[in-house]
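Residue numbers (this note's numbering), protein chains in the order written: chain L, 27 to 105; chain Z, 27 to 105.
Each hint should be verified, as a subset may be incorrect.
The list makes no distinction among identical chains, and a pair is therefore deemed to hold if it is satisfied within one copy or across any two copies.
List time: in silico SDA-like cross-link candidates among lysine to any residue, alpha-carbon distance up to 20 Å [claimed, not checked]:
| # | residue 1 | residue 2 |
| --- | --- | --- |
| 1 | Lys-45 | Leu-67 |
| 2 | Lys-36 | Ala-46 |
| 3 | Lys-36 | Pro-52 |
| 4 | Lys-28 | Glu-57 |
| 5 | Lys-36 | Phe-93 |
I should point out that these hints are in silico values taken from the structure, not numbers from a laboratory.
These figures come from a predicted structure and were not determined experimentally.
There are 2 protein chains.
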Amino acid sequence: MKVRVLIRPKPGILDPQGKAIERALPALGFEGIEEVRVGRLVELEADGADLEALCERLLANTLIEDFEIVRFADRTDPA
Amino acid sequence: MKVRVLIRPKPGILDPQGKAIERALPALGFEGIEEVRVGRLVELEADGADLEALCERLLANTLIEDFEIVRFADRTDPA
Chain L
27 MKVRVLIRPK PGILDPQGKA IERALPALGF EGIEEVRVGR LVELEADGAD
77 LEALCERLLA NTLIEDFEIV RFADRTDPA
Chain Z
27 MKVRVLIRPK PGILDPQGKA IERALPALGF EGIEEVRVGR LVELEADGAD
77 LEALCERLLA NTLIEDFEIV RFADRTDPA
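Just chain L, same shape as in the assembly:
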């Protein structure tokens, strides 16, 4: 089963990468973009593993990050 994990900084947690992107936008001519938040994307093939435990123990820092697990039915690429 293909699994996608979305990991984001928790609301209220400072996101320096997002702020850096926001500051770079005007010089590149982009307007109308705000609230940029940068997180991590982890995609994997899982067969029966405890994905919540995987996220809490290895993939995410739950003090400062939230995670969301999206499961896909088969191995075809959902993208």
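The hints should help you fit chain Z onto chain L, whose structure is shown.
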């Protein structure tokens, strides 16, 4: 409009973060997980900006990364 950008290492490009996760799994007791790939997740509010250009020029390194843009109809959190 809320926008989610998924940025992944291109197929065939070495992904050291993914390999590091795979190597850490057995010691933590996780089995049945493979093909781990780590990318970036960027979420933002966009109003009329050219998102393809934004990804190509700022968010992704298109030499080694693919990107996917997902648009959501309104400001409610799709997660």
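Here's how the hints hold up against the structure:
For the homomeric pair Lys-45 and Leu-67, the shortest alpha-carbon distances inside one copy (19 Å) and between copies (14 Å) are both at most 20 Å. Only within a single protomer do Lys-36 and Ala-46 lie at most 20 Å apart by alpha-carbon distance; the minimum there is 18 Å, versus 24 Å between protomers. For the homomeric pair Lys-36 and Pro-52, neither the shortest alpha-carbon distance inside one copy (26 Å) nor that between copies (28 Å) is at most 20 Å. In this homomeric assembly, Lys-28 and Glu-57 come within 20 Å of each other (Cα to Cα) only across copies, at 15 Å, whereas the closest approach inside a single copy is 36 Å.
In this assembly of identical chains, Lys-36 and Phe-93 lie within 20 Å of each other by CA distance solely inside one copy; the values are 9 Å within and 23 Å between copies.
Hint compliance for this structure: hint 3 alone is broken.
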